[in-house]
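Chemist: Quick mapping for you: the protein sequence lines, in order, are chains A and B. Residue numbering for the first sequence follows full-length UniProt numbering, starting at 1 and increasing by one per position. Residue numbering for the second sequence follows full-length UniProt numbering, starting at 1 and increasing by one per position.
Certain hints may be false.
Cut-off 25 Å, straight-line C-alpha distance, at most; resulting in silico cross-link-like pairs (DSS-like, lysine-lysine) [to be verified]:
#1 89(B) to 324(A)
#2 303(A) to 89(B)
#3 94(B) to 303(A)
#4 88(A) to 368(B)
#5 258(B) to 27(B)
#6 308(A) to 89(B)
#7 139(B) to 304(A)
#8 302(A) to 89(B)
Far from chain A, by Cβ distances over 12 Å, these chain B residues were calculated [stated by the list, open to error]:
#9 19
#10 33
#11 38
#12 170
#13 188
#14 273
#15 337
#16 411
To spell it out: a stretch of chain A is covered by chain B in this simulated footprint if at least three of its residues, at any positions, have a beta carbon under 8 Å from a beta carbon of chain B; those stretches are [what the hints assert, rightly or not]:
#17 46–53
#18 56–62
#19 312–324
#20 332–339
In short, the hints are calculated from the structure, not lab data. The beta-carbon is built from N, C-alpha and C at its ideal position, and this holds for glycine as well.
Single-letter residue listing:
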Amino acid sequence: MAVVASPTSLESAPRIMKLVAECSRSRARAGELRLPHGPVATPVFMPVGTQATMKGITAEQLDALGCRICLGNTYHLGLRPGPELIQKARGLHGFMNWPHNLLTDSGGFQMVSLVSLSEVTEEGVRFRSPYDGDETLLSPERSVEIQNALGSDIIMQLDDVVSSTVTGPRVEEAMYRSIRWLDRCIAAHQRPDKQNLFAIIQGGLDADLRATCLEEMTKRDVPGFAIGGLSGGESKGQFWRMVALSTSRLPKDKPRYLMGVGYATDLVVCVALGCDMFDCVFPTRTARFGSALVPTGNLQLKKKQYEKDFRPIDPECACPTCQKHSRAFLHTLLHSDNTAALHHLTVHNIAYQLRLMSAVRASIVEKRFPDFVRDFMGTMYGDPTLCPSWATEALASVGITLG
Amino acid sequence: MQPKDLEERLRMKLSLTKVVNGCRLGKIKNLGKTGDCTMDIPGCLLYTKTGSAPHLTHHTLHKIHGVPAMAQLTLSSLAEHHEVLAEYKEGVGKFIGMPESLLYCSLHDPVSPCPAGYVTNKSVSVWGVGGRVEMTASKFMAIQQALQPDWFQCLSDGEATCDEATSIKRARKSVDRSLLFLDNCLKLQEESEVLQKSMIIGVIEGGDVMEERLRSARETAKRPVGGFLLDGFQGTPTTLETRLHLLSSVTAELPEHKPRLICGVSQPDEVLECIERGVDLFESFFPYQATERGCALTFSFDYQPIPEETLLQQNGTQEEVNYVDQTKKSKTTSCNQEMTSFEINLKEKKYQEDFDPLVRGCRCYCCKNHTRAYLHHLLVTNELLAGVLLMMHNFEHYFGFFQAIREALKSDRLAQLKELIHRQAS
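One chain only, chain A, in its complex shape (with noise of 0.2 Å):
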């Protein structure tokens, strides 16, 4: 691939992927990424703790759980506690004793999903904090000067995002905006030895401006790109479309990072495909709801046929959750005041995660991704030719064909 070295860039950017393995049928890829603290394993799913903290479990645990990089949110983050904090506690890493791998969004999802509060120039994004009304501008610069002093290992660029189910000419005017933040996001990070600065693609839904987005973008050389604009209310059709047009258009030798993708099946499809990098608070969240993640899809444990089941949420599991207790005691828990039912949840929908990242990590290396995929589908549908339709088109995309 030629790099051009545009105005704004720096020296090249180092090449933190390494490939260890790519199925020869479809783009999926196995590798291992050499971050600041410490060597993560790809795919990967990285867990959501916005707020310096997983929700309900500690550091220890998440540790335990084999998790090596997870999330923070530099909207939340620069607001409570704030930068100048942060930086005096010896950064992210050092406020939430965090040793492993810390990645940060940007602000920029914030301006869709708290787009009542916002508005948008082409200096940054304007907000009202919710908590005390004050404005806040978060522009390119302040974004990276924020995340400068969080000090995560990856740093995403503040890019314009509008919701996917949005037409017409702001989708376009975002992705080139999206172009000359991520320029003054290049230009404004002050720490490129320490921390990596990810590109992120927009474009919409629209094949024309991704690709344009894809072009521009790829001139630039960053340690990693991020597929963004997506996994929001479009359909899976289009989702799966403008994925397989990114990954296709993204140099192989850097991490593709998929933002917003959580479900397993869609995690599944998505390696496929050739991403190497997933986030969503989806497994977390639905914890806190009472629902726990299996092979087979989730069981809702409030509901009353739980109440006698006195099996583990899946005997296969070795998380300290299913190690230990029951589908009835859990029900039980969840019915009482006691957050440690949430806690129990989150402990297993994490570690359920993870595994599954794991299998499809050992299934690429070995050379049986395909298997894998065929085998996934048939345990979450019954079998494989009853899995939806959009991951049936997205697979036989790449070469994998079901049943």
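Let chain A serve as the given structure and place chain B on it in line with the hints.
Modeler: Same frame as chain A, now just chain B:
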């Protein structure tokens, strides 16, 4: 003469190392289903909600040093699940994932006392999430059969102290009813194979009427119970004070070789007062209440600090502990309790940039890994982890306090510890 020698049957043995100024120091041996567990007295029981330490999984609970050998379960949280437990068959200890722990089942939750007026001659009610569960002696024993705890509080009438002024009539009724319940339950226990290994704890009632309290103590002591629960001494700090006299008189009537538990008393100063009046075991809900108001226990129980440390303490923890802002009341939870002078409120702005641990020198997971500033952040942002970390610290701190009591008793220094605690009480 006891109808069936309980000790022989159960092999439980309470041996006193020493008794000093009314305080009993010793061990209870041969406890549990296998008969090889030991408990120290004075001591406390691990407080649980619906069979789990609040906020804590097995993993985080086991990071705490000094977790008591016996956990307290509440019938109020478990009674409504007795069908499930009956079908499970293997007992509540295994069901909740604590098969190695000794278990004591109390009637009520000390933190959320239930509405009064529901005790009859034939039944007592507890309140679960699903509402009221009314229990006759038969139903009560059937539930205990499903639970199979090591010890359980007998069905009792604890409402003599509910009204402002206890009438003698009401006090008498509480004693009569409780004795009747006790005799019924003992009879039912004889008929139950499964409950042979469980011990009934007799409940001393009688309100604030000395005569009735003495009667309750003497009569209950005649029955083959495994120990005694001193009920009705809880309340506001002033009510306990006025009842302390009653407490001494009651324990004087009880046999030496059986444990004395008290319910509803958990604050450090009150614990010491009760130990001096012959109480052995306490509930550990006070650390939980502190946790719920976003507070960390910081009171010192180091009655013989080494000289260099005294200076450090004066600049840090000690200073805060002595400062009590009477006008500032932290937001209370359903616990309905105000912050005490034994704790600091981490929601206060002054902790925002405080990078010290909760208590300097504390070995707990929270103090070894996190700062006051981090806890402050977690509380301000309403994060679940705040409860987890505070509970870990507060339990460890509290269990450390009990260890200090035992050590002080052993080395005849309880007066110093008592003075230290009282200096810190508001």
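Chemist: Please go over all the hints and tell whether each is borne out by the structure.
Modeler: Hints and how they fare:
| no. | hint | verdict |
| --- | --- | --- |
| 1 | 89(B) to 324(A) | holds (17 Å) |
| 2 | 303(A) to 89(B) | holds (22 Å) |
| 3 | 94(B) to 303(A) | holds (22 Å) |
| 4 | 88(A) to 368(B) | holds (18 Å) |
| 5 | 258(B) to 27(B) | holds (11 Å) |
| 6 | 308(A) to 89(B) | holds (11 Å) |
| 7 | 139(B) to 304(A) | holds (23 Å) |
| 8 | 302(A) to 89(B) | holds (22 Å) |
| 9 | 19 | holds (38 Å) |
| 10 | 33 | holds (19 Å) |
| 11 | 38 | holds (24 Å) |
| 12 | 170 | holds (32 Å) |
| 13 | 188 | holds (25 Å) |
| 14 | 273 | holds (30 Å) |
| 15 | 337 | holds (16 Å) |
| 16 | 411 | holds (35 Å) |
| 17 | 46–53 | holds (count 3) |
| 18 | 56–62 | holds (count 6) |
| 19 | 312–324 | holds (count 3) |
| 20 | 332–339 | holds (count 7) |
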